[in-house]
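2 protein chains.
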Amino acid sequence: MSSLISRKENYSKWYNEIVIKSELAENSGIRGCMIIKPYGFAIWEKMQSVLDKMLKQTGHENAYFPTLIPKSYLSKETNHMEGFAKECAVVTHCRLKNTPDGKEIMLDPKSRLEEELIVRPTSETIIWDSYRRWIQSYRDLPILLNQWANVVRWEMRTRLFLRTSEFLWQEGHTAHASREEAIEEAKKMLRVYTNFSENFMAVPVIQGTKSETERFSGAEETYCIEAMMQDGKALQIGTSHFLGQNFSKAFDVKFSKQFGGKEYVWATSCGVSTRLIGALIMTHSDDYGLVLPPKLAPIQVIIIPIYRNHEQLRIIEKSVTIIKKYLENHGIRTKYDYQNHKTPGWKFNEYEMKGVPLRISMGIREIEKNQVELFRRDTMEKQLCSQNEFLRLAPKLLEDIQNKLYNRALKKRNALMFHVNNYEDFKKILDNKGGFISAYWDGTIETEKKIKEETKATIRCIPLNSDTKKGYCVYSGKPSSKKVFFARSY
Amino acid sequence: MSSLISRKENYSKWYNEIVIKSELAENSGIRGCMIIKPYGFAIWEKMQSVLDKMLKQTGHENAYFPTLIPKSYLSKETNHMEGFAKECAVVTHCRLKNTPDGKEIMLDPKSRLEEELIVRPTSETIIWDSYRRWIQSYRDLPILLNQWANVVRWEMRTRLFLRTSEFLWQEGHTAHASREEAIEEAKKMLRVYTNFSENFMAVPVIQGTKSETERFSGAEETYCIEAMMQDGKALQIGTSHFLGQNFSKAFDVKFSKQFGGKEYVWATSCGVSTRLIGALIMTHSDDYGLVLPPKLAPIQVIIIPIYRNHEQLRIIEKSVTIIKKYLENHGIRTKYDYQNHKTPGWKFNEYEMKGVPLRISMGIREIEKNQVELFRRDTMEKQLCSQNEFLRLAPKLLEDIQNKLYNRALKKRNALMFHVNNYEDFKKILDNKGGFISAYWDGTIETEKKIKEETKATIRCIPLNSDTKKGYCVYSGKPSSKKVFFARSY
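Residue numbers (numbering that gives the first Met the number 0), protein chains in the order written: chain X, 0 to 489; chain S, 0 to 489.
These are computed hints drawn from the structure, not numbers from a lab.
Take these hints with a grain of salt, some might be off.
Straight-line distance between alpha carbons at most 25 Å, and here's what the computed DSS-like set of lysine-lysine pairs gives [claimed, not checked]:
{"no.": "1", "chain 1": "S", "residue 1": "256", "chain 2": "X", "residue 2": "346"}
{"no.": "2", "chain 1": "S", "residue 1": "45", "chain 2": "X", "residue 2": "341"}
{"no.": "3", "chain 1": "X", "residue 1": "102", "chain 2": "S", "residue 2": "85"}
{"no.": "4", "chain 1": "S", "residue 1": "341", "chain 2": "X", "residue 2": "253"}
{"no.": "5", "chain 1": "S", "residue 1": "324", "chain 2": "X", "residue 2": "55"}
{"no.": "6", "chain 1": "X", "residue 1": "324", "chain 2": "S", "residue 2": "52"}
{"no.": "7", "chain 1": "S", "residue 1": "45", "chain 2": "X", "residue 2": "294"}
The shape of chain X in the complex, shown without the other chains (with noise of 0.2 Å):
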């Protein structure tokens, strides 16, 4: 286990490393699609059983539609065809064959489908295709149906986590019978993921609408949280989409209201992935490797023994079983690390790299003493302290630990943020520093272009509940009462 680059020599690459080091992920021999490992996979178990069940406090329920989706789906809805066309892994053959010499294999062109099916990158289109058969009163309404699942997006530019060809996410689709209930929906569920960014992956975000060009393809609004990365990009965490009655008209979903007559029903969808693991290590992590946030730290506290002989070990081991124990009984993630091939030195190393917010240690001397090592890894600080003591305070320890992430987390993204009025500040503050730059915008879609392509930084979100005050759009000079937050991001 060797050191990482540090974050200021190259933040991309150490953020690589951090990945593969802390044995997260790694690529496949698949472009752009990543192996998620264990430990990785940890995280996500972590995080799905609490967004499970703040889906399900929500009402969700969870259910499960076909990965393979027929094109001719695609094509019903415009918009939303036109965003995900150009990346469709496209099924056309059902059978392989061997190659006439024996020894290969190739496509059998007899085994042409009929109609070709994509791999789905999201369920809009194969939900509400099933939603015509089972919605047909105001009674039936509304529907709240959420599907944990991998999508495919043929990304032309990957990286692990943030940008793969295949990701693993939640995918909430709901029915409503008026508009006002569907867009109270998406906003609802903007709060659910607001609340699990913050407290669980205590990632501090900004809550908003996207403008017209960054929007879901296929929404009429999109409502995002935003957070900020170190090096001064921001990063999309979760969206929930009013989708109007786009999907309904699309694959003709009506139903009686109460009072007679029929309506198109109205609809959201919201999302948060694997992405979600991407953002916790830029938030956190440093240059000795991932800070995890208790909440979701797989391994909560990690003990390391210290011996020279077996006759050692058998004495730590005594202490070692009732501290874990102890520790297990009151709901704390525990690991204790035996392996005698590697020393101590190797095992600090590691689980500072992998992030684990405690870490305790001990050698004959404080067993005799009835003390441990104790090792913070968000401070990197280090004392000596009694068993008890330690045991008393371990879920005081962890619960400080989850508020001092978010608070310094907090504190980074603010100094982050800026006012500008003019460009030339604008462009200046994103060159120097990066960051969210709150500033007026016309409105124009041409002025968000010309904005994007001059320094690459893009409208994130329009915030929620601004304040009403006017100004002039920092780009054309035009009046404004649209302030913005603009970022560069991944």
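Given the structure of chain X, go ahead and fit chain S onto it with the hints provided.
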């Protein structure tokens, strides 16, 4: 909610009707791919949560590998390739574009992939391609990974849950330093599946190994558990495979041995799928609908109020609140159906169809006497009992139902087990009753094939721990020491 066709009248139709009417799943617009509806998915989630714990207890960690696999990977292990090549969904392109008239969507011929990818039918190949990078030394072994995933096998004849072009499953993939350890792992997983099947699904099984013909493509030995459905057909519940060194040789995965030298790694894989839900349905259900074992029932107790007016409902709901809270505090999954546009009769049918183990209902008369009407789905028995007595009894009743369902299934299964000594009896029993037919087999592929052609029965398994007496092959009359189970199967 209309009633079902009876099992006697048309078992196959009965099965399909149950799946649809209890809202477990339905067919989609994609050939052979099903939509798992919330109630069906809730059963799968229960299964997952139990199995996931069991797998973790045996040391498995979860991970995730790409769903798209280069076709060249598949061709590396010859038997594996031959088993799966004929049913692969093949991705050939990565983009769609508008047709010239702009109205439809078509394949973009310029987006042809250099190498075709298949949607995973199983993940041995992609996983062993990774194990090559992960395994160098005996210290890296064993590796025990599990993946929860969707897989696609382009089956020609599909049936909801039992055989679908896409299904959900868990697949375990392990790597070991010795043949013995790998074989023990495969056997251990068979015990895990047996435990799950018998103690959670309440489905009795026979443990055995497959004949060469029925073996997993690429395995040296396939261990399996087989259950008997009510119509006399067998269903394979789960399999675990000793893969020998087939995949390590195909993917060149060697390890340095503890005491010098290099050796190819030993492998196993194992899996159970959403097919388990088919087994659950066909083992326990009756002409009134599903019957679910309490341990896997998404709803264990349904509460239905019977009232004429709002005032009565208000009084009833006071008791409901107390009862529901009490049950939930005792870990019992409880639902109160308060829909007021459905009659109690409709609801009774609905939850009988859905196989909810216990129902309580109460009108104003019962409330006045502190009573409830209690209904057991397994026996269809009704009785009045005091609310307190019900609360006291509920956990025991659920346990009792779980046990009774197992015993009932075992009795039915045992009534469908026959030993025969000659081919006439073999055919007669098969045609009249079906079931497991225990008979001597001469061990040749020819005999197996002839019997299959003539009777549609296959060797379901060579039972573990069968007696060692010798006899004569039921078909060829040759001396044999292999007593195996034949059956027609799903």
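Now for the hints, and whether the structure bears them out:
| no. | hint | in the structure |
| --- | --- | --- |
| 1 | S:256 <-> X:346 | holds, 24 Å |
| 2 | S:45 <-> X:341 | violated, 39 Å |
| 3 | X:102 <-> S:85 | holds, 16 Å |
| 4 | S:341 <-> X:253 | holds, 22 Å |
| 5 | S:324 <-> X:55 | holds, 18 Å |
| 6 | X:324 <-> S:52 | holds, 19 Å |
| 7 | S:45 <-> X:294 | holds, 24 Å |
When the structure is compared with the earlier hints, a violation turns up for hint 2 alone.
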